[in-house]
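A.B. asks: The hints should help you fit chain B with the ligands onto chain A, whose structure is shown.
So the protein sequences, as listed, match chains A and B.
Read in order, the letters of the first sequence are residues 1 to 245 in my numbering.
Read in order, the letters of the second sequence are residues 1 to 245 in my numbering.
Take these hints with a grain of salt, some might be off.
Repeated chains share a single entry, so a pair holds when one copy, or any two copies, can fit it.
With a straight-line Cα cutoff of 20 Å, these simulated EDC-like cross-link-like pairs (lysine to aspartate or glutamate) come out [said to hold, decoys possible]:
no., residue 1, residue 2
1, Lys242, Asp166
2, Lys242, Asp218
3, Lys153, Glu65
4, Lys161, Asp58
5, Lys242, Glu207
6, Lys219, Glu54
7, Lys242, Asp66
8, Lys219, Asp166
9, Lys242, Asp99
10, Lys219, Asp99
11, Lys153, Glu8
12, Lys242, Asp198
Just so you know, the hints here were simulated from the structure itself, not pulled from any lab data.
Remember, predicted model here, so these are calculated numbers, not experimental data.
Protein chains: 2
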Amino acid sequence: MTSVRPAEIRVSEIFGPTIQGEGILIGLPTVFVRTGGCDYRCSWCDSLHAVDSEYREDWRAMSTEDVWQEVVRLSGGSPVMVTLSGGNPAIQPLGGLIDRGHEEGYRFALETQGSVARDWFAELDVLVLSPKPPSSGMETDWEAFDACLRLSKGRPQTVLKIVVLDEADYAYARAAAARYPHLPVYLQPCNHTPPPPDADDAPIDVEGILERMRWLVDKAAEDRWLEARVLPQLHVLIWGNKRGV
Amino acid sequence: MTSVRPAEIRVSEIFGPTIQGEGILIGLPTVFVRTGGCDYRCSWCDSLHAVDSEYREDWRAMSTEDVWQEVVRLSGGSPVMVTLSGGNPAIQPLGGLIDRGHEEGYRFALETQGSVARDWFAELDVLVLSPKPPSSGMETDWEAFDACLRLSKGRPQTVLKIVVLDEADYAYARAAAARYPHLPVYLQPCNHTPPPPDADDAPIDVEGILERMRWLVDKAAEDRWLEARVLPQLHVLIWGNKRGV
Ligand code: SF4
Ligand code: SF4
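So that you can see chain A by itself, here it is in the shape it has in the complex (with noise of 0.2 Å):
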């Protein structure tokens, strides 16, 4: 285990430019900052090589310098939406790196749960609070949430995206969008077959992703909800479970 110095920011992969998969950036050539660690530990987590500290070896601790080049390097120097993502991203420095890219025309998107909220927040293009509902088995601390939201100052184009696996986590994203009405709201279809961590190409259920694509589309559409967008994991569909694309 390596350890890690306060201005250090620990790393589980670095990788891209591949599409953003996800929400409001869906479809966005981006170089994924993916940080090791996280508060949380969620059900369905698709992640747990960059959570579980049984990988804890493979993360490495970097400066904010050596980050910074791994990005110019995979970009070719050319300005690229970078993607902050985890873990819980929000647990490292990532300031100085933020800092660092917009000063080259770089952009930033952060993805967090909003369980922890940081100053730096404000100085984010993007902000994409994703809080996690009841089939994650976690709590939200809306105190927490609401912290990240003020940090922010309003500054990134912020939006909420939730996971939904049933009609509990329905019902949740439901009362998240009516808590923040502000706040455009992206609805995701629940993998439900996430890669174990130690396999990342493993079989992934296509068609059940898209039968509960299929049951949100129209749930929503009956509600009347016609403001959600809802949208499923891209690259799940195009290159299944495997990683660093």
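C.D. replies: Only chain B with the ligands this time, still in chain A's reference frame:
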């Protein structure tokens, strides 16, 4: 065959709400108003039932008010994004429908190849210009295309959406994007197995579409074309070639 008086709209089908499967509004619930008739005949047209005059007897000449009432019925009176597509909806008198819907808080997106420009483009909320690449067999009239942009007066959110089948199409998309550097670009792998107009449940080569999608993602990334979004037709992946969903 129905005769159409000037103020009437030639309608092929009205359906929804279902999600928009393509481009900038991907995932958003929408009611589709598909008009009948097109000044193009693209080789891979996926809407021949709304293009080929052989299917004219299925089209209805409807008044603006009748179209509007059908939209209201389908949406249950809840304001929704209405997508005007075809065929080429630009050859229909749709200005009155847009005004009528705006009074009630509905929004309107138009999808057109950009061969016919109309004053009422300036009233749209979203204008999707979809110039057709070489594989379509059509020639782009860039003067007509420019007129579409001019008449829209910069008011609707305007994007380019370009279908890509092969290298020549990709080069065309690159050139079109360079011609309009201020317009966001959406690239869409071509569905090379479009439904024949009289069989709405025809088999579809999903793996072929995904293969073209992966090729397009890699190509744009290698080229460092990092602003264009690459998105498949989601409805084709979810529902196949089925109509009315
Ligand atoms: S919050 Fe995200 S990364 Fe953390 S356990 Fe849940 S799904 Fe996995
Ligand atoms: S412009 Fe569109 S509707 Fe007309 S023939 Fe081409 S693909 Fe079909």
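A.B. asks: Hint by hint, say whether it matches the structure.
C.D. replies: How the hints compare with the structure:
no.	hint	result
1	Lys242 x Asp166	neither (25 Å within a copy, 26 Å between copies)
2	Lys242 x Asp218	between (29 Å within a copy, 15 Å between copies)
3	Lys153 x Glu65	neither (27 Å within a copy, 45 Å between copies)
4	Lys161 x Asp58	neither (28 Å within a copy, 41 Å between copies)
5	Lys242 x Glu207	both (17 Å within a copy, 16 Å between copies)
6	Lys219 x Glu54	neither (39 Å within a copy, 36 Å between copies)
7	Lys242 x Asp66	neither (26 Å within a copy, 50 Å between copies)
8	Lys219 x Asp166	within (11 Å within a copy, 37 Å between copies)
9	Lys242 x Asp99	neither (31 Å within a copy, 48 Å between copies)
10	Lys219 x Asp99	neither (42 Å within a copy, 29 Å between copies)
11	Lys153 x Glu8	neither (25 Å within a copy, 50 Å between copies)
12	Lys242 x Asp198	within (11 Å within a copy, 38 Å between copies)
Hints 1, 3, 4, 6, 7, 9, 10, 11 from the list above are not met by this structure, while the remaining hints are.
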